[in-house]
Amino acid sequence: MEIPHTVTARPDTGLWNAKVGIWLFLASEVMLFGGLFSSYVFLRLGADYPWPRDELQVPFGFVNTLILILSSVFVVYAWVALKMRQWNRYRVWMSLVVLCAAVFLVNKGFEYKAKFTHYHVTLKDDSIVSGHIHSREDKSIIFNADSVTVDAAGGNHVFLKWLENKDDIRFTAPDGTEVEPSRAWFADVKRGLKKRQKADQLAADGDDAASAKLMEEVNDKYSALNAFDDSGQLKLTLSQTGRFVIPRHKVLSWTDEQLDFTRALATKLDGKLVSATLKMQIDELDLREYLRHDDPREKAVADALIFDHFDDAAEGQQLLEDFNHYRDPKLAAHEEAVAEWKAKHPGVEYEPEPFYDFERVYLDKLHEEVHAEDETHSNAEGDHEQQAAAGADESGSHGHPSVSIPFEEVEFFSNFGPRKNTFYAIYFTMTGLHGLHVFGGMLVLGYFLFRGRKLYLKNPEHMANRVEVGGLFWHFVDLVWIFLFPIFYLM
Amino acid sequence: MATATTADSNAADHAHAEHDHHDAPFWKKYIFSCDHKMIGLQYGYTSLFFLAFGFYLMLCMRWSIAYPEQPLPWYLRLFIVERFISDGMMNGSLYNMFGAMHGTIMVFLGVVPLGFAAFGNYVTPLQIGAIDMAFPRLNMASFWCFFIGGIMMLGSFFMPSGAAQVGWTNYSPLATTAQLDYPSIFWTGQTMWLLAMVFVITSSLLGAVNFIATIINLRADGLTWMRLPFFVWAMMVTGFLLLLAFPPLEVAAIMQLMDRLAYTSFFVPTGLLVDGQPFDVAGGGSPLLFQHLFWFLGHPEVYVLLLPAIAIVAEVIPANTRKPLWGYRSMVYAVLTLGFLSFIVWAHHMYMTGMGAWVSAFFQTTTVLISVPSVILLTCLMISLWGGSIRFTMPMLWAAAFLPMFGIGGLTGLPLAFNLIDLHLHDTYYVIGHFHYVVAPGIIFGLFAGIYHWYPNFTGRLMNNFLGHLHFWPSLIAMNILFAPMMVQGVAGFHRRWYDGGLSFPLTTEKTLFEAGSFFSNLFANGEVITMRDLNILMTFGAMMLAVAQIPFIINFFGSILFGKKIKNDNPWGATTLEWATPTPPPHGNFLEEPVAYKGPYEYSVPGEDRDFSPQWEPAKKAEPKPEKEPAGV
Amino acid sequence: MADSPEEIQKHMKAYTLVGLALLVFTFITVAVSWVDFGSTTINVTIGLAIATFKAGLVAAIFMHLNHERPMIYRILVFTCFFAAGGMLLFILALKDPITL
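Protein chains in written order, with my numbering: chain F, 1 to 491; chain V, 1 to 634; chain D, 1 to 100.
Hints listed in this document are in silico derivations from the structure and should not be mistaken for laboratory results.
Don't take every hint at face value.
Covered by chain D, according to a simulated footprint, are these stretches of chain F (three or more residues, beta-carbon under 8 Å) [stated by the list, open to error]:
1) 5-16
2) 60-68
3) 78-92
4) 216-228
5) 345-359
6) 473-483
Where is the CB? At the ideal position from N, CA and C, for every residue including glycine.
Can you build the whole structure from these sequences, using the hints too?
Spelled out as structure tokens, the structure:
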């Protein structure tokens with residue numbers, strides 16, 4: 001029993017099955033990416049923050065575009081080779097396609113990694129800095145705990161994840177018994193709690209015998225529960241000071257002596273707070289939202305919170321000066337242009353742009369610019385300065401000052417991952433889905449490359465059809481990238 | 001000697017063939033089958049199970065609305081874990097969970113799989129004279145994706161958080177921020193809902209590709225486009241609706257997954273507070289975006305539900321009136337127009353979001369326009385009854401009941417198309433009543449017609465007539481007891497999401513709907529005052545009655561496999577379409593010889609023929625050449 | 001349909017040329033993005049026009065849409081209509097001139 005028209009075209013439609021199938025599939029893909037592109041437009045037009053236009057690294061996207069275009073050409077060549085019944089040529093071209101796909105993905109991986117290790121902090125007054133964080137501790141809350149209070153109903157073992165020296169620590173309940181707060185122990189506690197509630201329910205209903213029996217079981221099998229107090233809390237003492245290094249978003253609140261995990265963890269620590277500051281080396285200063293111009297607030301650049309938190313106050317002062325030095329002439333020029341426009345259009349209300357791009361600076365570029373000006377001012381000192389700069393570069397801090405920001409002053413903190421803002425969210429979602437398509441295409445085409453010989457010998461036309469279908473999918477993936485590249489990297 | 005050898009080898013060949021056909025291992029024949037009929041049946045059984053389950057959720061909800069201060073009766077509590085209920089009563093969050101899952105299960109796991117996937121899979125290849133679908137293995141993958149999605153949906157009830165709770169529409173930011181208080185956000189019902197939807201959507205997409213490709217490329221010889229049965233046309237349009245409307249929902253599901261798992265803010269606006277605390281994400285997203293993406297699917301989905309049912313009715317009616325379908329050609333064009341328009345009406349679900357006037361006006365216009373093709377379909381079906389010698393067989397009863405029931409559902413939708421009236425009615429029981437009239441007594445009646453109609457084809461037996469009547473009449477009455485009062489309540493302003501029937505709003509609950517002594521109170525309540533509360537109790541009674549009315553069906557459905565009356569020939573209804581040209585039940589590969597279609601699909605009572613039907617697969621008997629004219633035009 | 005091997009062989013040159021054109025236009029896209037045409041809108045429009053042209057080349061030549069069967073065209077026309085219509089209506093809903 002053979003399904004008709006798998007290889008040869010049906011006379012009246014002129015199509016074989018898989019060709020109809022792939023085009024229908026591509027139609028649904030058009031709608032999938034259509035929905036994503038619509039979302040992109042919707043989010044971009046509705047964004048209430050300056051939409052990032054030049055933040056992605058163009059070389060990555062550019063090279064990937066070239067790779068995909070080449071692979072698209074190669075896949076056509078491979079199909080032609082099959083049509084000409086030249087198996088070896090087919091194999092060469094198809095290998096190149098699969099190779100291109102792999103290179104594309106590796107390239108993408110590097111690009112993603114750079115984003116995930118780059119951080120961004122919005123302070124309470126909307127001033128923003130970005131930079132690098134050197135260790136996990138620099139972005140965590142560090143707490144030395146003497147005791148842990150867990151909850152019978154909502155507690156769980158997750159807090160152990162952030163206990164650095166958990167192998168050396170034993171937990172003791174108030175009654176002196178030693179406890180291992182593992183996943184199994186918490187599960188037992190919860191099961192016991194449920195049984196006890198049921199027993200209470202039975203007692204309330206008047207069935208004392210059944211209730212007593214159940215209580216006996218609870219006392220017998222779930223004795224862990226007895227250690228908890230009436231409000232369902234249990235304070236476990238640590239055999240020695242436990243050092244916790246906890247991501248900020250897992251903590252609800254903290255004081256110098258106490259730390260509350262989020263409600264999902266329902267756990268509390270008592271002890272001593274070691275550090276609740278974010279330490280990073282910054283490479284970008286963005287005051288656009290702090291100084292936003294559709295808002296009549298009058299703010300001085302020097303008042304931005306970020307300038308209070310430089311490890312070396314002199315570096316902060318230097319950056320402030322450089323920033324003003326860079327911004328003031330541009331602001332003046334802009335204001336002049338606005339005044340001119342107003343003079344030309346009397347009676348028309350001027351709508352200010354909410355954000356001025358020149359109020360964000362990359363520290364490297366800023367340094368270059370200021371440095372270049374210095375050079376023109378004092379040529380003689382140039383050599384000396386360059387030497388100083390080289391020396392500072394070796395120590396790794398020149399131009400990239402360190403800041404320590406207490407978490408209380410942090411409004412929002414994230415790496416340049418999808419969480420950062422809707423631009424990065426849609427960027428990662430779209431390129432991620434596209435990457436999955438590349439990966440899927442690579443698998444299918446790789447299968448045709450390594451496993452296609454048998455079918456080729458049996459029915460070369462069938463094999464050519466398969467490659468055509470795979471190729472159509474591949475071209476579509478290329479076509480999507482042709483749009484993704486400019487909208488994310490260039491505009 | 002020679003003859004003996006031949007006979008032997010023949011026998012051996014025969015045995016070999018038998019071996020091929022019947023000795024496939026059980027799991028290959030019944031579980032991981034690639035045969036479109038088996039997959040259709042798998043879809044059918046699974047979706048009937050889900051329909052029953054969704055129905056059970058609804059019973060619990062109705063009880064909670066009618067008797068908010070009383071514990072659930074034991075037969076409803078059988079399946080509920082105790083940690084969800086308080087003092088035996090449903091609480092608000094359990095009601096929300098059941099509400100969300102009732103909608104999701106009924107729409108995505110019940111009606112669509114039954115109408116499109118089960119009937120479509122079983123009947124479409126038969127009706128176009130194909131041996132199977134174009135991509136049988138894809139077909140199997142489609143079923144298993146659906147099955148996994150269904151299991152995940154059901155499994156979410158057993159998670160610590162319970163199942164999803166924010167309605168079948170899963171609006172953000174509520175859906176983004178719900179159930180975040182669990183150690184693992186991945187293992188919450190809300191997240192599972194999204195993952196399960198991704199599976200269900202994938203299943204539908206694979207199915208849609210397969211259906212359309214099959215219809216385009218595997219039609220039998222002579223089966224030109226205008227000779228296709230209406231059912232096949234409807235399946236093709238449905239396939240396109242799924243193919244093009246589902247991807248945006250997949251996008252929405254993926255984005256909401258990102259919002260929940262990667263803390264993005266696609267649908268989270270700036271400055272959102274959750275429990276009085278600022279929500280720790282970047283913000284800048286748009287909750288409206290989710291609604292757009294959701295309803296871009298949501299509205300075509302309505303027609304995905306409807307078209308299979310209306311198409312089944314269009315098959316059943318000619319077979320039982322013994323006359324051609326009236327206006328076949330206009331029905332085909334109507335269904336194509338309907339499919340087209342259904343993509344540009346979605347925002348009439350969003351009038352309450354405060355959309356601008358231009359957009360509202362646009363969607364209001366298209367919404368009113370789309371009623372035209374719907375009315376053409378319904379009118380053609382009604383006129384088809386005119387002058388026929390109607391046989392009130394079981395399928396015909398359901399089909400006949402479909403017409404007025406769907407008519408009520410459709411007409412009550414008209415006011416909702418208008419922005420201003422919708423603002424008043426939107427969150428009331430009027431909307432619930434409207435779409436349940438379309439889906440429950442409308443679409444599900446159509447699907448029952450299909451079950452009774454094609455049952456002989458896959459079992460070789462008829463379903464019992466007496467049990468059938470015992471199923472049909474109480475269902476018809478119960479459906480109306482259940483849904484008609486919703487309209488009255490809705491217009492009076494009864495809100496659609498009160499889990500306790502508005503107990504905390506005594507003025508609303510006890511609001512008098514009909515004065516003592518008025519026509520309705522005289523008719524139904526011995527002249528007493530009728531309140532909202534009374535109607536709630538009445539509707540709950542209707543729901544219980546509906547549940548009881550399904551018992552004869554279940555007995556009938558399974559009992560008739562063994563004890564039903566055997567059919568005398570392969571074409572028990574005397575129908576004309578190709579699915580009746582197969583042996584009963586159709587073997588793997590369907591047809592004994594390749595079928596050829598010689599004429600249109602509904603040639604009943606052709607003058608000059610000796611029977612009152614002339615099947616598509618039989619050449620015209622008369623010597624005179626038959627013109628290519630369609631039979632339906634009249 | 002160019003299905004005979006000889007004809008396909010002839011198309012090889014076209015494929016190569018199109019591939020080169022695509023590479024060249026990728027350079028142009030990047031180059032154009034460095035030029036400020038006065039407003040973001042104009043820059044975006046130019047960028048998208050080039051991208052659309054490139055996509056058109058891929059679709060027409062590599063995906064053989066320049067000589068495909070009517071059935072495929074029918075499917076794609078509706079798809080593109082709904083995708084584009086959806087996007088326009090999304091934007092209209094966002095930028096409606098008459099809102100509360």
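**Message:** Taking 8 Å as the Cβ threshold, is the statement that the stretch 345-359 of chain F is covered by chain D upheld or broken by the three-residue rule?
**Reply:** violated (count 0)
**Message:** Just to make sure I understand the rule, a stretch counts as covered if three or more of its residues have a C-beta closer than 8 Å to a C-beta of the chain. Does the stretch 78-92 of chain F meet that for chain D?
**Reply:** holds (count 4)
**Prompt:** Three or more residues of the stretch 216-228 of chain F near chain D by CB distance under 8 Å?
**Reply:** Three-residue rule not met by the stretch 216-228 of chain F, so violated; n is 0.
**Request:** Closer than 8 Å, Cβ to Cβ, for at least three residues: run that test on the stretch 60-68 of chain F against chain D and report holds or violated.
**Result:** holds (count 3)
**Message:** Can you confirm whether chain D covers the stretch 473-483 of chain F, using C-beta to C-beta distances below 8 Å and requiring at least three such residues?
**Reply:** holds (count 6)
**Message:** Tell me whether the statement that chain D covers the stretch 5-16 of chain F is true, taking a Cβ distance below 8 Å and needing three residues at minimum.
**Reply:** holds (count 3)
Hints 4, 5 from the list above are not met by this structure, while the remaining hints are.
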